[in-house]
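Chain residues, written in single-letter form:
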Amino acid sequence: MAEERLQLEPIEGRSLWSDGIRKLKRRKLAVICFWIIMLYVAVACYVQAAQWSGDYWPANWDVSTGEKYESPSWKNFCGTDIFGYSILRKVVYGTKISLKVAFFASIISLLIGIPLGATAGYFGGLVDEIITWVYSTLSSIPYILLILAFALVLKDKTFMGAKLAGATTVYLAIGLTSWVDICRLIRGEVLKHKQKEYVFAARSYGCSNLRIIFVHLLPNFFHIVIISFSLRFMSFIHAEVILSFLGLGEKNSPSWGAMIDSARLDLPKGYWWEMTAATLAILVISLALNIFGDALRDSLDPKLKAKG
Amino acid sequence: MKKKRHLILLFAVIAALGWGMFVLSRSNDKIDENEMVMYSAISSKPDSLDPATESSVTSEIIVKHIYDTLYDYDYLKRPYVVVPVLAESMPDVSADGLTCIIKIKKGLFFSDDGCFKDGKGRELTVNDVIYSWKRIANIKNLSPSWWVFDERIVGLDEFREYTKTCALASDIDYSREVEGLKAIDDYALQVRLKKAWPHMVYNLTKGATTAVAKEAVDYYGKTIVNHPIGTGPYILKQWNKESYIELERNPKYNYGYYPTEGEDGDFEKGLLADAGKKIPFIDRVYFVKIEEEPPSWFLFLKGKLDSSYIPKDNFDQAISDGKKLTPEMKKRGIELKMYRLPDTSWIGFNMDDPIVGNNKPLRQAISHILDKKRFIDLFANGTLDEAFGLIPPIMQSYNEELSKTPSYNVAKAKELMEQAKKIYGGDIPELTLKMPGTSVSERQYGQFFQKEFDKIGLKLNIDYLDAPMYFAELNKGQFQMYFGGVSSSAPIAYNILRMFHSKSIQSGNHFYYRNEEFDRTFDKASIMVDCPERTELYRKCEKILLDDCVAVFIFHSVSYTLSHSWVENDKPSALQYGLARFIKIDSAKRRSYQAQY
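Protein sequences appear in the order of chains S and L.
Numbering of the first sequence is given in our numbering, commencing with residue 238 and proceeding in unit increments.
Numbering of the second sequence is given in our numbering, commencing with residue 341 and proceeding in unit increments.
To be clear, the hints were calculated from the coordinates, so they are not data collected in a lab.
Just so you know, not all the hints are guaranteed correct.
Below, in silico cross-link-like pairs of lysine-lysine (DSSO-like), each with a Cα-Cα straight-line distance of 30 Å or less [to be verified]:
hint : chain 1 : residue 1 : chain 2 : residue 2
1    : L       : 480       : S       : 506
2    : L       : 713       : L       : 883
3    : S       : 394       : L       : 664
4    : S       : 392       : L       : 791
5    : S       : 506       : S       : 305
6    : L       : 754       : L       : 791
7    : S       : 392       : L       : 799
8    : L       : 652       : L       : 671
9    : S       : 506       : L       : 664
10   : S       : 305       : L       : 744
11   : L       : 522       : S       : 506
12   : L       : 677       : L       : 754
13   : L       : 562       : L       : 522
14   : L       : 663       : S       : 337
15   : S       : 337       : L       : 799
16   : L       : 417       : L       : 864
From just these sequences and the hints, can you work out the full model?
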């Protein structure tokens, strides 16, 4: 055993991140999924930019490109809806809504979940009990019902002079209700790490609690936040679809959920293309996020690394 | 594509179908082949079969087969005409319109039941009518039909106040006199009114106003809701609440005859072949409860139901080229029946709103940019009537002249917008339209309206609300425009024009419209009996509304129903409910169809 060790080449030290990325690059499927996600992000950014800069494709989804309910053809690749609007343009426009909602909902949930989880884990005692009680109570309410309740309460309310409507209501509702999992995760990690030597060392140097939490503790389990973000992103896209389907999402422009809701009535009449296009758009991004999220977890999680 | 549609349909219906087939096959087992039997679908169970407490359409359908009312609509005549049923003739109204005499036919008997002496139904008298109207007034019964008599008959409101003072329902003394309701003899009723009520006969067609026997109410108590005892053509044989209602011919029914006159074309359609014959023809009627549309449609296609309306999802399967049956339906021998409904849908303006209320050119511009024909083509396959005014074509006061000047005119709308901007003092800000729902249909309507408004550079925000929120905002006047409508329970313009009266602001006038000339004209017409002058006054009221552009009237509904070839004398009605009595069934034809399909 000792001889084997002597035969090993010296290895250059690598950080968790660079090691993780190197491993990720080796997984071809994960790389493909990453580029698919990037493609969706690029489409969403393009639609947003198109909207800001003027009324051109695909921001002008509400222009008739054919007769009502035209089946897919070279002219209208995904067919048309009841108004003769292009389904392809609606799918492209819906990408912006879905990704925007998922992104902002993720940010809101992280902004609430991380500080609360870290505070509960680090200080313990009464603070921990209160925070644990709050998130236990929230998590006891069925998730979709909770989002629905928040969406209904927030709908058409005014916040700092701005009216909450459409996508804003949706990502606020999702973000405000889905921080529990990340909070619980962070609390556990902080509980585990706060007894480690580097935390005692930081404390002996006179670092403040805030500095210990955010400068010393958090970077040590930030990979968990990244993994959680990628996996939750997908569930937020689904939540947006559900809310739009139930009539609580974006009203005046197309989203994937609204498209599925609208296509529900068309399906029995044989007009399958709107349902198919919206479902495919959701399926591809969900699959890509799922595979990429799993790969990210496998690459960044030190426990899995040790086992491997 | 058709195969796919059938597959989806099959999966959706399979569970409910099993139950429906089971019920229908069980009921078929008991049937004598010589009997004439009719099968019809109801979408919910009746809330009550007691005329005083029933309120749903399903209840009204069943009640009107068991109980007859003093008056009802003629089965064949259009426009709809009220004719006597229990009554011997139309009411004899005094010159001042405040007293009327209603005579009922002699020799009308309640059906036999254990509640009567020796189980034999006794003769109907006007005292039964008085008793039944008092039951509606009785606060303890919480009758949803009290509005019919509210503030109408002298002394009846006081009787209602008296019932409030009684601690128990059993304490109420029905022999207590009501000044305005007097039995001159067993067959003549004198009704004294607080003010002239020219539309009384339309209200007396409602099932709630029929005659109920006191013995039946005393005998069955609270369970009277399950034991209807009437004088009508059918008696309740069985009520299996979760599956079906079986009605059987009433052997004591002896006064009904098939009408001898109809509207133009009825003779050619064979609808007068049985003119003057005694009714009912059908011995037994089954109303099968089928809540979902797909199983109901499937059972109709299998020949297990005699008639059906067309579910939205199956419209293309049944109708093509606008208003014609598809070859598939024709091959099955199915017939299409269309009838107009007494309703109007609109975009209403809030006349108190500082932007739309004070700007008539703006409202007119909006009325010119809405392409109603495209709206109807898109959302109803062209099967609705385009509205040119408020009063629907089903009503006598409908003004055909209005259809000669179509309202869709974008160039004119643009001109009017320039005037509107001058009045407002600049560009018109974004307008808001309240929609009564959040479903796909409302969202599609909303998208349509947004595009139409965009034609003249108007930005439209759509506020999709659930029903309670929608009505709350309408009642508070917190809106600029709203999408809504009205459906009348009688073929009289009075019912829909009264929504625009200034006195209705707290009870239906969501336009917050006040116009003295309109109020005067309406008030004058509302106390007149049916005559050409009244028709002209109602048309004048409509013209005032159109001139003021209080709303953009969009469409009037048209209903489509299908019936099999073995159903004879079938003429659907928008206002009449107890129709099985006029129908005939060719059972041999039905059996042959069922064997084939």
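Verification of the hints:
1. 480(L) <-> 506(S): violated (49 Å)
2. 713(L) <-> 883(L): holds (22 Å)
3. 394(S) <-> 664(L): Not satisfied, since the Cα-Cα distance of roughly 49 Å exceeds 30 Å.
4. 392(S) <-> 791(L): holds (24 Å)
5. 506(S) <-> 305(S): holds (13 Å)
6. 754(L) <-> 791(L): holds (15 Å)
7. 392(S) <-> 799(L): Distance of about 21 Å is within 30 Å: holds.
8. 652(L) <-> 671(L): holds (21 Å)
9. 506(S) <-> 664(L): Holds. Residue 506(S) to residue 664(L) sits at ~17 Å (cutoff 30 Å).
10. 305(S) <-> 744(L): holds (29 Å)
11. 522(L) <-> 506(S): Violated - the C-alpha atoms of residue 506(S) and residue 522(L) are around 59 Å apart, more than 30 Å.
12. 677(L) <-> 754(L): violated (41 Å)
13. 562(L) <-> 522(L): holds (28 Å)
14. 663(L) <-> 337(S): Violated, at roughly 45 Å.
15. 337(S) <-> 799(L): Between residue 337(S) and residue 799(L) the Cα gap is close to 25 Å, so the pair holds against 30 Å.
16. 417(L) <-> 864(L): holds (28 Å)
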